[in-house]
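In order, the protein sequences belong to chains A and B. Take 12 as the starting number for the first sequence in this note's numbering and just add one per residue. Take 12 as the starting number for the second sequence in this note's numbering and just add one per residue.
Just so you know, the hints here were simulated from the structure itself, not pulled from any lab data. Where hints are given, some of them may not hold.
Which chain B residues stay away from chain A? Per the calculated CB distances, all over 10 Å, these [unchecked claim]: (1) Asn88; (2) Phe132; (3) Ser224; (4) Leu395.
Pairwise CB distance ranges, derived in the manner of DEER restraints [said to hold, decoys possible]: (5) B:Asp293 - A:Asn243: 17 to 25 Å; (6) A:Glu368 - B:Asp185: 55 to 63 Å; (7) B:Tyr106 - A:Gly251: 51 to 59 Å; (8) A:Arg334 - B:Asn152: 54 to 62 Å; (9) A:Asp110 - B:Asp293: 32 to 40 Å; (10) A:Leu284 - B:Gly376: 27 to 35 Å; (11) B:Asn152 - A:Gln246: 56 to 64 Å; (12) B:Asp288 - A:Asp109: 54 to 62 Å; (13) A:Leu396 - B:Asp293: 35 to 43 Å.
Note that the coordinates shown come from a computational prediction; the quantities given were computed from them, not determined experimentally. Just so it is clear, CB atoms sit at the ideal spot from N, CA and C, and this is done for glycine as well.
Protein chains: 2
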Amino acid sequence: MYSICYRSPLSCNSKESNKKMNSVKTEEDIGSIGLVKEQFATICEPPDELILDSGRKLGPITIAYETYGELNEARDNVILLLHPLSMDHHAAGRYAPDDRKPGWWDNFVGPGKAFDTSRFFVICSNCIGGCRGSTGPSSINPATGKPWGATFPVITIRDMVNAQKRLLEKLGIDKLFCVAGGSMGGMQALQWTVSYPDKVVAAIALATTWVHSAQNIALNEVGRQAIVADPNWNQGDYYGGESPRRGLALARMVGHISYLSDKSMHEKFGRKLQDRDEISFDLLTDFQVESYLQYQGLSFTQRFDANSYLYISKALDYFDLSRGHNSLASALRDVQARFLVLSFSSDWLYPPYQSREVVSAQKRGGKQVSYCEIQSDYGHDAFLLEGEQETPLIRDFLRHVREETHA
Amino acid sequence: MYSICYRSPLSCNSKESNKKMNSVKTEEDIGSIGLVKEQFATICEPPDELILDSGRKLGPITIAYETYGELNEARDNVILLLHPLSMDHHAAGRYAPDDRKPGWWDNFVGPGKAFDTSRFFVICSNCIGGCRGSTGPSSINPATGKPWGATFPVITIRDMVNAQKRLLEKLGIDKLFCVAGGSMGGMQALQWTVSYPDKVVAAIALATTWVHSAQNIALNEVGRQAIVADPNWNQGDYYGGESPRRGLALARMVGHISYLSDKSMHEKFGRKLQDRDEISFDLLTDFQVESYLQYQGLSFTQRFDANSYLYISKALDYFDLSRGHNSLASALRDVQARFLVLSFSSDWLYPPYQSREVVSAQKRGGKQVSYCEIQSDYGHDAFLLEGEQETPLIRDFLRHVREETHA
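All chains should be modelled from the sequences, with the hints used to inform the complete structure.
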């Protein structure tokens, strides 16, 4: 199973599977997962700490996670969703009926959706190093009784995956039918297939890369320098005081620009002015895009911790799936999972060529891989927004793998 | 005269002109302009101040400039070079024999070079708003006896051009054979042809745009926010004290990333580590690209003023050649200058499509325009680095225009 398309992704599907897809669900069947509850698990308790890539030990570790759908008796219908940098374990549904927004990937997760909760038991866990419930730099270091801050150990994408593996063990789940994620989540999905080749049946990697490029590192470095240049950062020891929110806001602004495309910014903002008809001839904000970025930066500081940004961006920069191997192909040699790789034409953060390198390596290794470059003007964010194009591809891929592996 | 090429720019030239080009100069003829001296002129003295686009008046104004070559008797061999944001009037030659580096465009300016000083009288002036000798926010406000700081009037690309016009009047030069520049210099070149249509015979616009895009504005806004977030900025009033160098360094880091391409960063840095064989697993710099950016940021603060960065980046963001007109075509209607427009395939700051919009508008207006998209991996910086590809195009263009207008 190897296909490449550069136009409408529907052309990636055979006529037969299109027909199937169209007949599978009516609009009535497709809905929200409804109300959900976040859950917490404690893993890696001493003396069974997690051994990190750095050699340091971390434990006990709290993991925040959510689940959607039902685990079947065979325990073979589990999909693990992996979130991008600025998201968390709240992928779908609402905590309360009047929540303004559902989880970040709600359009993909629910009954009849791409990750169909009427068939699959979907788990989404918050990564370690984060600040949304899992252990990270804002957590209390049990040895000192104070927040870790910048003394928290540096973590990697592989460490995140190893922690997820321990969570699954705790939940009594031995094998994943699928790991799936976009951006940083896609890196984790790829890492899963390499770290635990016999534990993953299928992997879906969206808008991602197998190795952070020099440009990727450079963009993250600006964000890190903005945070550590903020006097409130105070060597990472700011909990209980003023946080380095201006530095974090700047980091987010840089990030946000890299998530959009030149064209999507042109279409969304162009040169429209903010609350005025004519340019002001002062140094204050004139353009809507300036206000928008400032707002994005500021609102991010209300839900994200600056130290977590440092640690997670560093994990991204360290990411190189071929680390410890001679090449990507060698790293992928033992992978058993079928791959679905989706890239997006206007994504300049993780451009399509990076996905194609994964696809080519898998193909050369005789592995099963489906690939689509989806035409989209949304830039990197496309993987969150092109549900209409992605859903049939994901749904068909999961069905094919299910049929093949249960034959 | 209208040509487009997407491959080797040499194919833009006819065989005949290639032959001519190759026979024009031997290596011995091509050399440095040698030692140069910066000069200063005072213009716009009250009551004849410069009326700015904002409506405010500015004067007296000091302009720093350099000249290379000799003004001929007819005074019709003048080329005005216009510098990009972070450069200045020192385009060519050295101030002293032991200067570590010559002017920023030395490979383009000198006897036998693209801007051949054995034929042309070349002037390069520092823009107003800058900090390298021309009046800007770090200059003394005559009304207060103190540096202007953030009370300096906001300026535009058109204001810069109007100041240059006044400088030329002072020098007794009525008409320009050519205006030429890259990036911000290219915007000024285009603005010259619109503001003074009967005063410019030819214009060369490299790696530039006719209007700052939402993405361009967004990148600049990050830089501005980094500067104003630095506590040392102090509302622009920092002269004599600590300057907001950390903020300015961040602004420069963002700018620098936008001047390079993904590919050039990959080739220059890849994932090479700085002074170590293995990743460090701490939050400090690991990668060469991080050290490089930090160095670029820091060294920029030693030669550039943070307030000037605010003002000049704002001038860039305000740039819209069609302002006050219905369209770009309408703005260009009265232009008499022949155009040479060069874009660079990997320039994502001012992508080739922005240049093509200028070319198309000129073509639709029945104007003379030559265009080449030069294949280069150097990103925006290509216009400074692809001398070998650019020189024959510039030299041929100037020769053709000279022949046509002196026929």
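- Query: Broken hints, numbered, in rising order?
  - Reply: Of the numbered hints given earlier, those the structure breaks are 3, 11, listed in rising order.
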